[in-house]
Amino acid sequence: MNVPAARPLVEVQDVSKRFTPHVSIGERIAAMLGSPVETRTVHAVDNVSFAIRKGEVLGLVGESGCGKSTLGRVVAGIHPPSEGRASIEGVAVMGEGRTPLKTTTRIQMVFQDPFASLDPRVRIGDTIGEGPLAHGLVAKADVQAYVARWLTAVGLPAEAAGRFPHQFSGGQRQRVAIARALAMQPDVLVCDEPVASLDVSIQAQIINLFLKLRRELDLTMLFISHDLGVVRHICDRVAIMYLGRIVELGAAADIFERPRHPYTRALLDSVPKLVTASDELVTFKPIQGELPSPLSPPPGCHFHLRCPHARERCRVEVPRLEGDPQPAACHYPLAP
Amino acid sequence: MDSASPVARFWDEFKTNRIAVAALGVVLLIGTLALISPLISPQNPYDLSRLVLMDARRPPGYVGSNGFTHWLGTDAQGRDLLSAILYGLRISIQVGVIAGGIAFVVGATLGAFAAYFGGRIEALIMRIIDLQLSFPAILLALVLAALLGQGKWPLIAALVTAQYAYFARTAHGAASTERSKDYVDAALSTPLAARRVVFRHILPNCLPPLIVVATVQIANSIALEATLSFLGLGLPVTEPSLGMLIANGFQYMLSGRYWISIYPGVALIVLIVAINLVGDQIRDQLNPRLRR
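So the protein lines, in turn, are chains A and B. For the first sequence, numbering that gives the first Met the number 0 gives the first residue as 0, with consecutive numbering after it. For the second sequence, numbering that gives the first Met the number 0 gives the first residue as 0, with consecutive numbering after it.
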């Protein structure tokens, strides 16, 4: 990982994503007349930048509700960003316009819940084949063989193509979802908690499948997870996200061994460990307090309400993601 | 297949409601009779040369001058009422099903696209539909039937305009729910064209509530057509539907010749009630909250 590539494959530049609920005509009139109308804008992603090099697996870690899924969907071209842009080799993932559409097939996505991400009324062969067919990756006459090839690649029998999603188990469905994404021959795979909804025994199988496919297909991946064990196992670099912002970014080994941001430290400490190096049983330290609401994020450093090291400056000034090679967004980063 | 197909399971549950099964039987029976009415009716009520004015307004069971029994009597023109009802059912069902079908396609497409695109397109389409739903369907159909003139297709156009909004409302509601599901996001990340996402993925998943609306709306459009025909705004006299048969006998009601209006009316009621009973059962089965 020490040799820097000429240009990262995926670039995410200053991406923000806000969700503003529909403002009714009545509220709009009330606002014009000067009455204070409560804005309920959700700041899901707040000015995030990072890059993924070719062949790299970048982990994106954070608590539920920190915006990591939204960020993944912006990168995968499902949600247009409110500001900034995501691009692959310099080409924007999303087109222009008021209702922009995804313009590339080079980034594909695997979703968390394989029970929801497969259309229950479509045979899985058609689910896998329709994208490649629509984009001319395969001729109509060859689509069956093409689908069979990808089913085999993810460890399913070729005959499975004729079945419906409800005839599969969770792990098998996730394999189908992976086959659908890979059949588009992407360079980049965005995986949004792909094993979180599976049984632990199945999780390992799917993780191993990802590792095998990554090796065989030279895939670049954005791997979103809240499971630090899984992330440590498969990621080259890790980005830690807190309330819409990336707070620390670095090589996986460094992040886990020498965290610089207090939140990363706290996150690592909150993982229940049964046995420490010195063989004594320890209780884990939960992070104090709750994740603040993204409707009204606190000023300054988002983490200051829960940070044990917070000082006056943290309440006022937003820290920038600084430092090399392991940038952290903290005014008083932890000593290595 | 590891389990019975959804259709087979649906039928297994449907069978447990005897009334619904009987109603379905009635619908199918009436439908079949209407379909083959030219083959089974004793007389061709449209063939004016066969009508004998001498036989007009005769009570049920009257043996006509040309030898056969008019089981349900004859109307003011000497038409055999049984034949007229069979032919009338044929036209009523034809108009109802065609109008319901077109309204289904137009309404479901509009509603699903509105839900898919959201924003101003959705607001525009749905406000127009809300506006239309605030008028009584009969009023709208009356105005349109008067504007478009007589005939089968103008009538169907009037019925479609009066009814597509119900389909659009239902499709919009169901499609809005489907729109937020991951499989639609997956289609967007492929990416697939909007047309394909709506027709191939969203609409098939909205079918259950739409089928319920379709059964009710077909019954409604049959009733609406009968109303328009009764008021003289529907089909031309040469193609008498049930509504017109009722209208024809209306003036004789008080003179004791009840059968001219009553029998077509009974046929209409039986058909509409039967369709509604079937629709109710389908709705109960498709609505998980009503499940026992």
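Just so you know, not all the hints are guaranteed correct.
[What the hints assert, rightly or not] Taking lysine-lysine pairs in the DSBU-like style, the calculated list, with each CA pair at most 30 Å apart, reads:
no.: 1; chain 1: A; residue 1: 139; chain 2: A; residue 2: 211
no.: 2; chain 1: B; residue 1: 180; chain 2: A; residue 2: 139
no.: 3; chain 1: A; residue 1: 53; chain 2: A; residue 2: 101
no.: 4; chain 1: A; residue 1: 53; chain 2: A; residue 2: 211
no.: 5; chain 1: A; residue 1: 101; chain 2: A; residue 2: 139
no.: 6; chain 1: B; residue 1: 151; chain 2: A; residue 2: 101
If you're looking for bench data, these hints aren't it; they were derived computationally from the structure.
Checked hints:
1. With a C-alpha separation of about 29 Å, the suggested pairing of residue 139 of chain A with residue 211 of chain A holds against the 30 Å cut-off.
2. With a CA separation close to 28 Å, the supplied pair residue 180 of chain B and residue 139 of chain A stays within the 30 Å bound.
3. Under the criterion of a C-alpha separation no larger than 30 Å, the hint pairing residue 53 of chain A with residue 101 of chain A is consistent with the structure, at around 21 Å.
4. This hinted pair checks out: residue 53 of chain A and residue 211 of chain A have alpha carbons roughly 17 Å apart, not beyond 30 Å.
5. Annotation: proposed proximity of residue 101 of chain A to residue 139 of chain A holds, straight-line Cα distance about 24 Å (limit 30 Å).
6. Between residue 151 of chain B and residue 101 of chain A the CA atoms are separated by roughly 46 Å; this puts the pair beyond 30 Å, and the hint is violated.
Violated hint: 6 only; the structure is consistent with all others.
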